[in-house]
Amino acid sequence: MADLHVRDLVVRYGHVVAVDGVSFDVAEGEFVALLGPSGCGKTTTLRCIAGLESASAGEIRIGNDVVARDGRETPPERRGVNMVFQSYAVWPHMTVFDNVAYGLRVQGLPRADVQARTDEALRLVGLGGFERRYGTELSGGQQQRVAVARAVVTAPRLLLFDEPLSNLDAGLRERMRFELVGLQRRLGRTSVYVTHDQAEAMVMSDRIILMNRGKIVQESSPRELYERPTSRFAAEFVGSANLVEARVDGPGRIVIGDLVLHARSAGETPRQSGLLACIRPENIVPVAETSGENVFEARVTRVSFLGATVNCELAVGGLTLRAEFPARTRVNEGTTLHVRIDPAAVVLVSDDA
Amino acid sequence: MRGVSARTSLPLILIPLLAILVLVPIAFMFIGAVLSGGLLDPATHFTLEKLASVYASLDYLRTVVSTLSISALVAVIATIAGVLLAWLIARTDLPARGAMEMCVIAPLFLSPFVGAIAWLILGSPKAGLLNVLARQVLGIDGVLINVATQGGIVAIMALYFVPYAYLTVASSLRSIDPAMEEASYLNGAGVLRTTLRVTLPVIRPALLSAFFFIFVLSAGTFAIPAVLDRSAQVRFLAVDVFQASATYPIDYGRSAAIGTLLFWVSIVGIAGYRIASRAAKRFVTVTARGYRIRLVRLRAWRAPAVALVIAYVAFAIVLPYFALIYSAFTRFNSDSLFSAPWSLTNAVAVSQSPEVVDSMRNTLLVGVISPTLCVSLGVLIAYAVRRLRVRGARVLDAMAMFPIAVPGIVFGTGVFWTYILTPAYGTIWVLVLAFIASYLPFAYRLSETALLQIDRALEEASSLCGASHSRTAARITLPLIRPALLSAWVMVFIFSVREISAAILLTSSDNVVLSVLSYNYLDYGDVPKAAVVGLLQTVMLAIGIVLGRFIFRVRLARAV
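So the protein lines, in turn, are chains G and L.
The first sequence begins at 135 in my numbering and counts up one residue at a time.
The second sequence begins at 928 in my numbering and counts up one residue at a time.
No lab work stands behind these hints: they were computed from the structure.
Some hints could be false.
Stated by the list, open to error - Interface residues of chain L toward chain G, partial, derived using beta-carbon atoms under 10 Å: (1) Ile1072; (2) Thr1076; (3) Gln1380; (4) Ala1384; (5) Glu1386; (6) Ser1389; (7) Cys1392; (8) Gly1393; (9) Arg1398; (10) Ala1400; (11) Asp1450.
What the hints assert, rightly or not - Computed list of chain G residues with no C-beta within reach of chain L, every gap over 10 Å: (12) Gly148; (13) Leu186; (14) Asp199; (15) Glu211; (16) Arg212; (17) Pro226; (18) Ala246; (19) Pro460.
For every residue, glycine included, the Cβ atom is placed at its ideal position computed from N, Cα and C.
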């Protein structure tokens, strides 16, 4: 096991810059997700860490070993890392046992050790009894488990995941999220997890590194990322958000549309232009009182019932805001009601679009 | 650090190796064409005389025109037949489509040369079985069919090249989105209109590429015109290359000069083929699979459609093999067609004669060594190009594909000039050298496609498990592409066993293979002996195909 350090990583393909100066650290035993839309450079970053892709510049260190610097790179087979692939990459010409035992046999371990450790890895992922099956005879979820067992069996210093759940159907995906996290916690392996699914990243990781266009946009805990996005991109990519142009009016006070709004974070932001107020729909709450701090009259222009919640479109002070009310709230299109926007939940972000 | 040494060193070995195998023979052919005599002759000097006698003579202009028109005609006929068969099998409710498809592509695995011998037996003007039958049974006085004519040559060539057109068109039909045709039906168009206005235009590039491929194939075909037209009335470049080097007055320089002319014809044809193929790729439409296109109901046309396929099989396989067997196992003459006694004596005597035994051994050796070396080289180049991404990968790719533009007889001329002074000449090794180079494009392309089709992650997973490059190649990559390599092996085996045009230029007393022996018998006028040897060769091919198909489960249709 080891920590990971990535410094100023750049990957260029001709004129295209896929990864543009990315730096981050992953502590020993930490589970970090690289999150971003497709083409943001997250997979390329992961593949550089694995040694499957060459860095054009920058440094990658695993523990005390520099594995990539100045075009000198340790080949993947000598990095002591292992990876779970998006396509699982279960070898179709080998049995489940042979797939998992492969890395141990490469290490030249005695037969008994190979047997014992492979059995243990298969038990760990719940595939005991499947040893003699071939990869092609397994379901997607089972292949996924083979891939995980194969990756952990070699006791890698670093465990890498390349969108491992994206090929599973929705129900199984949710179950596997918890299983993978449980497994990682039990093994305590330093892990880097690439995904474009924000829910997956939120549920699984200690820390999320949000990427866009080859650069890191924000790096924080899942809660922090959701509650305190620092840019339009972060606010829009993680969860849904009302983003409206805002002007700081005084300490703790901003103006959006015709509304003067109290916002805790307003004092912290010295910038006056290019600011957006980010208001999550669930932070717009229907209230009985008709006046007070951040209480406004709103007209309901559209209602959609989603089961657990009711989503509404509200006309407030010349703005159109989306709100998410608890399902028991009775609202009808065309009616008026009063809503309160929690001053603590209004976040100012830079308009980077 | 990863693979850096192999990336630089491998091309340093492969490029010169390919140059010697592929380019040097062609260069030597051009040199041979401007020399007055053999390479050993001290009086040999530079001359343009041979080139002039070929390029600047009205006589050869006629040969070129005749070659081009025969090839174009063959390509048109074979392509039309191929389209019709492909459409019937891919788009209609023709019964037993799987079996029908096997029947249509079966001639691919047989020897066109042996087929030509069979058609000589069937359709020569006087003693041809069909003509004798026509005289005796139908009372027709003249000649029913005569294969020793331009029309006969065109017909028989087209007969044996139909499968190439079929495969190209069928794979194109299967790769286009059926929804395009379904949309046409929903817009009110019928089957005929849909086929003419939607299907055919969409597969037009595939039709063109089939046309050019067969055109090049025909232009380089030596066996069929040489066998059918024994008196060489119909002028054909490939036959002239051989005649110049085998019949009096023997002139290897002129043979080389004609070879260069055929080379240019072939290059132009291949250029057309490549342009058409590239266009065809653009028309491939990726679709969500999982549903089959609604099949066109043939109704009353079903019987004629089945009859068409059966007629094709009858003309390409059944009749010819019946004729060969009849000729090999009876002593017939035109009076005793129905009462000829069947006897094994002739066939057994021929099979046991030392020259046949020797040539069987030679054929088997060449048939095993060539595909083994050829596929090994092909997969090595493919691995270097696609996996190691070596320096000069494009050069390697171009060199490995180059022989596809060189007809066997042209290559044979070049190999002859290259190795005549070496100890390899006159041994089976000179044949092996010629065959490796000739069939390298097939072995290379098949390996390359197989490599492209396996998920890179399968190999990357092995690296991350700590396996070295060579271990990954041996334990993961090779096992995964093994089916493709076996197909390639069987395919090159078939090509090598039935090959005649290069072999006949490189033959000497010690390296006679079955096809050359059969041709020699034919040359002496002993057709039954030629038939026996042709059948022996077919048996060898059949054993190879059966082994490949049922033991190694090779999917041969994929290989072509």
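Results of checking the hints against the structure:
1. This hint is violated: isoleucine 1072 (chain L) has a C-beta 53 Å from the nearest C-beta of chain G, more than the 10 Å allowed.
2. For threonine 1076 (chain L), the interface hint is violated, since its Cβ never comes within 10 Å of a Cβ in chain G; the closest pair sits about 54 Å apart.
3. Interface restraint check for glutamine 1380 (chain L): the shortest CB-CB distance to chain G comes to about 12 Å, outside 10 Å, so the restraint is violated.
4. A least Cβ separation of about 4 Å between alanine 1384 (chain L) and chain G falls short of the 10 Å threshold, and the interface hint therefore holds.
5. The interface hint given for glutamate 1386 (chain L) holds, since its Cβ lies 8 Å from the closest Cβ of chain G, which is under the 10 Å cut-off.
6. Hint on serine 1389 (chain L) holds. Least Cβ distance to chain G is approximately 7 Å, under the 10 Å limit.
7. Hint status for cysteine 1392 (chain L) relative to chain G: holds, with the closest Cβ pair at about 3 Å, below 10 Å.
8. Taking 10 Å as the C-beta cut-off, the interface hint given for glycine 1393 (chain L) holds, the closest approach to chain G being about 5 Å.
9. The interface hint given for arginine 1398 (chain L) is met, as the beta carbon of that residue sits about 7 Å from the closest beta carbon of chain G, less than 10 Å.
10. A cut of 10 Å between beta carbons decides the hint on alanine 1400 (chain L): the least distance to chain G is about 12 Å, and the hint is violated.
11. At its closest, the beta carbon of aspartate 1450 (chain L) sits 50 Å from a beta carbon of chain G; the interface hint therefore is violated under the 10 Å criterion.
12. Every CB of chain L lies more than 10 Å from the CB of glycine 148 (chain G), the least distance being 14 Å, so the non-interface label holds.
13. With a minimum CB-CB distance of about 5 Å to chain L, leucine 186 (chain G) fails to clear the 10 Å threshold, and the non-interface call is violated.
14. At roughly 14 Å, the least C-beta separation between aspartate 199 (chain G) and chain L is larger than 10 Å, which holds for a residue marked as non-interface.
15. Not every CB of chain L lies more than 10 Å from the CB of glutamate 211 (chain G), the least distance being 5 Å, so the non-interface label is violated.
16. Not every Cβ of chain L is farther than 10 Å from the Cβ of arginine 212 (chain G); the closest lies at roughly 8 Å, contradicting the non-interface assignment.
17. A beta-carbon of chain L is positioned within 10 Å of the beta-carbon of proline 226 (chain G); the least distance is around 7 Å.
18. No Cβ of chain L comes within 10 Å of the Cβ of alanine 246 (chain G); the nearest lies about 19 Å off, and the non-interface call holds.
19. Every Cβ of chain L is farther than 10 Å from the Cβ of proline 460 (chain G); the closest lies at roughly 40 Å, confirming the non-interface assignment.
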